[in-house]
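Trainee: What follows is each chain in one-letter form.
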Amino acid sequence: MFKISNLTVSIDDKEILKNFGIEVGPGEVHAIMGPNGSGKSTLAHVCAGKEEYTVLSGNVVLNDEELLEMEPEERSTRGLFLAFQYPIEIPGVTTMTFLKSSLEAHYKANGREPLTTPEFMKYVKSKATELNIDDSMIKRPLNVGFSGGEKKRNEILQMALLDPKICILDETDSGLDIDALRLVAEGVNKLRNDNRSFIVITHYQRLLDYIKPDFVHIMHDGKIIQTGDSSLALDLEKSGYANYIK
Amino acid sequence: MLKKDISQELQSYCREYFFSQDKNSKLYNIRLGAYELFKINGLPNSKDENWKYTNISQKIDTIPEYSNNLPVPLNINNFINNFDIMKKLKETNDTVLVFMDGSLQRQLSIIDPNKKNIEISSLNEDVPDWALEIISDKHSENSDQIFDINTILMQDGALINIKQNKEKVDNVYIVHVGNNNGFFNYRHVINIEQGARANIIELKISNRIDINALYTSSIIWKLADNCIVNNVKYQSHNQLTVGFNQQYADIGNNVEFNSFTISSGSKLLREYRSINCNGSGSDVSISGINLLDGDSHIDTFLLVKHIAPNTTSREKYKSILNDRSRGVFQGNIIVDPEAQKTLAKQSIDALILSDKAEHDAKPELEIYADDVQCGHGATTGQISEDSLFYLKSRGIPEEEAKTLLVQAFLLEALDEVKDKNTILIFSDVMKNILNRVSKGSLNV
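Quick note, the sequences are listed as chains A and B, same order.
So the first sequence is numbered by full-length UniProt numbering: it starts at 1 and just counts up by one.
So the second sequence is numbered by full-length UniProt numbering: it starts at 1 and just counts up by one.
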């Protein structure tokens, strides 16, 4: 379904990802854990198509299509969703305008008729209710003045609306208190289904108490050094990364 | 061939014009005072701190000669066919004053003599005492070379007195149309009496893209206690026009003055504003959007003086620069020792779309009172790559994402417009501008 193979990526002539590989099947949740500087956020950004990185080799394939050749917007409409660690604040663009533009782009790319404004509003409301998200935030400028929790909930709402096939959550737990974390995790759990896969990038085991992964990978120095089930995360929490990093 | 010096040319132009004036005219002594000053001071140059970033002689070779190629239309119906905005205005009950080729064109204007609370006269026809007093007062306290030139050469202008009107807010349009090549000088006086409310909307447009016009235009505002004034200005000139706009405003107690300007085009445009918050409790907002492309140069200079206690001022300007254009913003807020509890904010943001464009910002605060809140900020940058990536990562195509970001940048300034109706007339123009901006072209 989603496969990254032999991915080597550099920035400013420094290699960050080194022959990185992972394979995610339909409906699977993979957690990637690792210390600071191991390349986790780079991985997320490269998959989504951020320009500042140089891809030296490798493939990122979603449902038999090579994503690395595509612009970020095309990757999105093909079904990749990146939940940002730090969602960007954009004054002057209301969340509603943003969501509508985004959804219209997706519908257009996939040959669907665009929603009318009332249909769109109804759709947003239904998704927000499903996820226990207060939809009043959509009237406000995008992420401006949002609390950490609101920003992440907004990311989850976008995820629900765009109906992606593979979601990469880049340290979604950072900056969240325990209640906000639970709410966001519940949102993700509601979006889990047999066809949608997740890569959950995190520093801490805490998030994995709420989002149960099928696989846990430890990433260090640009590659995966250990893979296991959810018990690996618990071990890691007890013993720290030092035991795994030789 | 010896290159003409614009400063000398202007000196002799002013001398000739001044000596052609009737010594018995009401404005003679005021012109004389300005002429004496201009003889000494001449044109400002880059050694003058207020003109550091704008070199007039680089932008004007010579005074354009008057060309009578396009006759002034004889009736309004011929005129409005060329201007959609005028068509809309004709359908309203508003007051419309059209200036063309240096004078008020009454046949193109809409002036209802039955409106008892609005008095309108033309500077060229008769100067009532109240207007003479305002002009005279402003001249005695001011020392700006361009204002002196405007005073020597003022040909015509609207002298508008608005009295309190409880029924409805009056809309008054002052329309300047660049119709022929030439050098034109306008002086308007707007007096808003105590408790009156008014919307003053200025429109400056070029009739053709090849008109070579040089103009100076000054407005002196006097806003009495408790009045509410919304002022919107839209000026869209061709790439040959050089314009010097000056506005002086004296603000009384508990006044709301909300002013918004959209400027685009021009070879050189100098926007000078000096606002005196003389009375307490007033609230002043001066904001605008500048759109520059080609070789346009727009220099905005704002001076806000807080003289009385408890006054508020906000200045918010957004500029978009493309091609080889240059934007200059100088903003000075002065808080006098008596002006305690002043709230003053200034923000100047520029978005640069080309690596050959330049924006210079010089925000200044001079605070002599101790219990005030003043702030200023200036940013100059390009479209944020992070914002662009965020939008694209949600499927929004690059061009659309850029449009959203540019619109967002500009529309933030529009938040300052208090009475959104005053800007509705420009909604088509705004849409058009935003579309052009998103395609990377601001050409008028």
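Some hints here could point you the wrong way.
Cut-off 30 Å, straight-line C-alpha distance, at most; resulting in silico cross-link-like pairs (DSS-like, lysine-lysine) [said to hold, decoys possible]:
id, chain 1, residue 1, chain 2, residue 2
1, A, 100, B, 168
2, B, 418, A, 139
3, B, 341, B, 168
4, B, 116, B, 305
5, A, 139, B, 305
6, A, 50, A, 14
7, A, 122, B, 431
8, B, 431, A, 100
9, A, 139, B, 316
10, A, 223, B, 305
11, A, 100, B, 115
12, A, 100, B, 316
Source of the hints: derived by calculation from the structure; they are not laboratory data.
Trainee: Mind checking the alpha carbons of residue 100 of chain A and residue 115 of chain B for me, to see if they're no more than 30 Å apart?
Mentor: Distance ~48 Å between residue 100 of chain A and residue 115 of chain B Cα, so the pair is violated.
Trainee: Given the proposed pairing of residue 223 of chain A with residue 305 of chain B, does the C-alpha separation stay at or below 30 Å?
Mentor: violated, 62 Å
Trainee: When you check the alpha-carbon spacing of residue 341 of chain B and residue 168 of chain B, does it fall within 30 Å?
Mentor: violated, 33 Å
Trainee: Would you mind confirming whether the straight-line C-alpha gap from residue 418 of chain B to residue 139 of chain A stays at or under 30 Å?
Mentor: This hinted pair holds, its Cα atoms lying about 20 Å apart.
Trainee: Would you check the hint for residue 139 of chain A and residue 316 of chain B, treating anything up to 30 Å between C-alpha atoms as holding?
Mentor: Given that 30 Å is the threshold and the Cα spacing comes to 23 Å, the pair holds.
Trainee: Between residue 116 of chain B and residue 305 of chain B, is the straight-line Cα distance small enough, at 30 Å or below?
Mentor: violated, 34 Å
Trainee: Measure nothing beyond the straight line between the CA atoms of residue 122 of chain A and residue 431 of chain B; if it is 30 Å or shorter, mark the hint as holding.
Mentor: holds, 28 Å
Trainee: Going straight from one Cα to the other, do residue 100 of chain A and residue 168 of chain B come out at no more than 30 Å?
Mentor: Outside the cut-off at roughly 39 Å; violated.
Trainee: Quickly compare the C-alpha distance for residue 431 of chain B and residue 100 of chain A to 30 Å and report which way the hint goes.
Mentor: It holds: about 19 Å lies between the C-alpha atoms, which stays within 30 Å.
Trainee: Run the distance test for residue 50 of chain A versus residue 14 of chain A: straight-line Cα separation, threshold 30 Å.
Mentor: Distance of about 16 Å is within 30 Å: holds.
Trainee: When you check the alpha-carbon spacing of residue 100 of chain A and residue 316 of chain B, does it fall within 30 Å?
Mentor: holds, 29 Å
Trainee: Please work out if residue 139 of chain A and residue 305 of chain B have their alpha carbons no farther apart than 30 Å.
Mentor: At roughly 37 Å apart (the allowed maximum being 30 Å), residue 305 of chain B and residue 139 of chain A break the hint.
The structure fails hints 1, 3, 4, 5, 10, 11 (numbered hints given earlier, in ascending order).
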